[in-house]
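Asks: Here is how the chains run, residue by residue.
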Amino acid sequence: MADGDLPTDLASRSTNGVTPARGGNPFASRIGGGGVGLQPAPPAAAAPVQPAALVGSAEPLAAAAPSDAPPVTGAGSPALGTPKGKVRLGDRVLLALTTGAAGFVVVLVVLVAFFLLVKSVPSILDDKVNFLTSTEWSPTPGNLRFGIAPLLYTTVVISILAMILAVPTAIGIALFITHYAPKSIARPVAYAIDLLAAIPSIIYGIWGARVLAPHLVGAQHALYHLGGVPLFKDRNVPTGSLFNGGVVLAIMILPIVTAISRDVFERTPRENIEAAWALGATKWEMVRLAVLPYGRAGVISGAMLGLGRALGETIAVFLILSKVSHFSPSMFSGGETIASKIANSASEFNDPASTGAYIAAGLVLFVLTFVVNAAARTIVNRRKDFT
Amino acid sequence: MTATLTRSARPTVFARPSGARKFKNGLATTLVTAAFLVALVPLVWLLWTVISKGFHVIMSSSWWTESQHNQTQKTPGGGALHAIVGTLEQVALCSVISVPIAILVGIYLVEYARGPFARVTTFMVDILTGIPSIVAALFIYALFVSTFHHLRSGWLVSMALVILMVPVIVRTTEEMLKLVPNELREASYALGVPKWKTIAKIVLPTAFTGLVTGVILGVARVAGETAPLLILVGYAQGMNANLFGTKFQGSLPGMINDEFTNLNTATGGSAYHLDPNGKRVAGGAINYAPDRMWGAALTLIAIVLLLNVIARFVARFNKVSQ
Numbered sequence: 001m002a003d004g005d006l007p008t009d010l011a012s013r014s015t016n017g018v019t020p021a022r023g024g025n026p027f028a029s030r031i032g033g034g035g036v037g038l039q040p041a042p043p044a045a046a047a048p049v050q051p052a053a054l055v056g057s058a059e060p061l062a063a064a065a066p067s068d069a070p071p072v073t074g075a076g077s078p079a080l081g082t083p084k085g086k087v088r089l090g091d092r093v094l095l096a097l098t099t100g101a102a103g104f105v106v107v108l109v110v111l112v113a114f115f116l117l118v119k120s121v122p123s124i125l126d127d128k129v130n131f132l133t134s135t136e137w138s139p140t141p142g143n144l145r146f147g148i149a150p151l152l153y154t155t156v157v158i159s160i161l162a163m164i165l166a167v168p169t170a171i172g173i174a175l176f177i178t179h180y181a182p183k184s185i186a187r188p189v190a191y192a193i194d195l196l197a198a199i200p201s202i203i204y205g206i207w208g209a210r211v212l213a214p215h216l217v218g219a220q221h222a223l224y225h226l227g228g229v230p231l232f233k234d235r236n237v238p239t240g241s242l243f244n245g246g247v248v249l250a251i252m253i254l255p256i257v258t259a260i261s262r263d264v265f266e267r268t269p270r271e272n273i274e275a276a277w278a279l280g281a282t283k284w285e286m287v288r289l290a291v292l293p294y295g296r297a298g299v300i301s302g303a304m305l306g307l308g309r310a311l312g313e314t315i316a317v318f319l320i321l322s323k324v325s326h327f328s329p330s331m332f333s334g335g336e337t338i339a340s341k342i343a344n345s346a347s348e349f350n351d352p353a354s355t356g357a358y359i360a361a362g363l364v365l366f367v368l369t370f371v372v373n374a375a376a377r378t379i380v381n382r383r384k385d386f387t
Numbered sequence: 001m002t003a004t005l006t007r008s009a010r011p012t013v014f015a016r017p018s019g020a021r022k023f024k025n026g027l028a029t030t031l032v033t034a035a036f037l038v039a040l041v042p043l044v045w046l047l048w049t050v051i052s053k054g055f056h057v058i059m060s061s062s063w064w065t066e067s068q069h070n071q072t073q074k075t076p077g078g079g080a081l082h083a084i085v086g087t088l089e090q091v092a093l094c095s096v097i098s099v100p101i102a103i104l105v106g107i108y109l110v111e112y113a114r115g116p117f118a119r120v121t122t123f124m125v126d127i128l129t130g131i132p133s134i135v136a137a138l139f140i141y142a143l144f145v146s147t148f149h150h151l152r153s154g155w156l157v158s159m160a161l162v163i164l165m166v167p168v169i170v171r172t173t174e175e176m177l178k179l180v181p182n183e184l185r186e187a188s189y190a191l192g193v194p195k196w197k198t199i200a201k202i203v204l205p206t207a208f209t210g211l212v213t214g215v216i217l218g219v220a221r222v223a224g225e226t227a228p229l230l231i232l233v234g235y236a237q238g239m240n241a242n243l244f245g246t247k248f249q250g251s252l253p254g255m256i257n258d259e260f261t262n263l264n265t266a267t268g269g270s271a272y273h274l275d276p277n278g279k280r281v282a283g284g285a286i287n288y289a290p291d292r293m294w295g296a297a298l299t300l301i302a303i304v305l306l307l308n309v310i311a312r313f314v315a316r317f318n319k320v321s322q
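Heads up: the protein sequence lines correspond to chains A and B, in order.
Residue numbering for the first sequence follows my numbering, starting at 1 and increasing by one per position.
Residue numbering for the second sequence follows my numbering, starting at 1 and increasing by one per position.
Careful: at least some of the hints might be erroneous.
What the hints assert, rightly or not - Here are the computed distance ranges between Cβ atoms for each label pair:
1) A:ASP263 - B:VAL309: 20 to 28 Å
2) A:PRO182 - B:THR147: 54 to 62 Å
3) B:ARG316 - A:SER325: 51 to 59 Å
4) A:VAL121 - B:PHE244: 28 to 36 Å
5) A:TRP277 - B:LEU40: 27 to 35 Å
6) A:TYR153 - B:ARG316: 44 to 52 Å
7) B:PHE55 - A:PRO168: 34 to 42 Å
8) A:LEU132 - B:SER18: 21 to 29 Å
9) A:GLY142 - B:GLY234: 23 to 31 Å
10) B:ALA20 - A:THR135: 48 to 56 Å
Honestly, the hints are just simulated from the structure, not real lab data.
On a predicted model such as this, the values are computed, not experimentally measured, just so you know.
Each residue gets a CB set at the ideal place from its N, CA and C atoms; glycine is no exception.
Take the sequences, apply the hints, and build the full model.
Replies: Here you go:
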């Protein structure tokens, strides 16, 4: 592959004209230490040096000089406001508000992790069987026996199946929109794919369970006859199998993978494409030489985001999968994912101990999606750093 | 690839591509086009199913004016008013809380953010984007029900939806504010306008339609969420407009889920069923659950897609185009 040879001096995904050095923010670094409260500790003498300094006005001087005048809070003409030395009240208020809101988001995520942990740890400690490896699930108060293994297996298998189906299709659609279709078709297609993303998951659920499922039975039988691997073995569930759920999940994550792939494919530098043309490449060779290598990181991160969504999808999977009494590793058997198990058992949340078991399952799901999403973002951000 | 390069480098620069290359090219074109066609199948199929099965249901006037109070799957009539009211209330409360917070976070990230705290915030917004709805619901349950001993109630659903809505709006706000040309800000500063006023009077108005688009997309995102409903409030067939009461509350996703569980329960033989006029008719059971389920699904899709179309329409008037 010659992809490494092509120059990749590319605009990163979202840097179209962002803030250059503007007013120095005394808060950003101060709060970074971990304190994320709302209190707007008045920034001492750190008056923001405004970029107006560039035009050579008297502002920097005024800003540096300490002034006893009360902060101007918006009186006077906006066009020719007289700059005062102190940080204006309005500036302080807005800074405090926005920083506080940002702090709220940070605290929220920390709280989610904290509460899931606090509420689940007692139950996990009381668990009579191994939480991670057991296949039992009977969180009866006093005799807690629950293990996450089959739920985790089902969650991962169904999500990976969805990925296998969705990612190549999404790459195809993204290429179609960005490099194959004429503009007049590309735009409506992109719009239609976005519509897929807007449809609520419960509607995918009822459609997948009642309308699509009967049509998948044939494909399921065909695959079953392919081989004796455990993944294909059982077929006691004609509809409501993991296969069935995976197909619907694939449709659900298609839009997000497509959207991100489309985004990076669109930004392929003109020079790379023209260089490929100039070498006499066919269209496919151009795509393989210029577009795909350039978009690889974006596609991977899009796929990871799709995976994160598939892992956490609740209601569609809940409505589609048939529950089975005995766990089977087969793709053509039923089962329950972590999310569908929790949703199914919401009525049993009456005792702290058994609720803790379900919250423990939720914690595992949280950690799983956290890792997948963080990995996806790291790939995107590293890409940004390079470019 | 090297084969291609050496061949092109020969004196016969304008040689036609070889058969194998042409074949590969044709195959790739076919596959790419096929991928696009394959993706359209579920979209069209799903929309057609919902519309064809739900349209006659939502066309009756009682659908919009009555609840399912005292209805069973064997009795005709009733409507989805209770569900529509419940969903609108839950989403409205969620929006009232989410929108200001999310827009402030967006402003922070674009206009103020520097240093490690900015990176932490960006990262946390990313994580929040990825939190599954069931985990958000479990967190609200663990916080309010387990710890503070509130009873399950409609407003708890709104709280869970806040967690899901905030990151969506933060992301769009961020993108939209970044699109505001820096020259506008600098011109404002050059005239001595303070930063907060620049943001309030220059940046936000310029990006306003973009922000509205983000909010609408956020609303559309949470309106169809079902997982929090299952955990945080029971489904009630009757009207309950009290978001803060401890009674169960109807909602469109809840109604779809409820009717879904009724799909198979009425198929046993009963001596009679009621026809649409309320008369007893001998014979096997008629089940009205499918009608109601698809009707509720169509109502929900209509609301969500309408919001999306409005968002697109508003975005078209954006002063700063993408």
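Asks: When the structure is checked against the list of hints, which entries are broken? Sort them ascending.
Replies: Violated: hint 8 alone.
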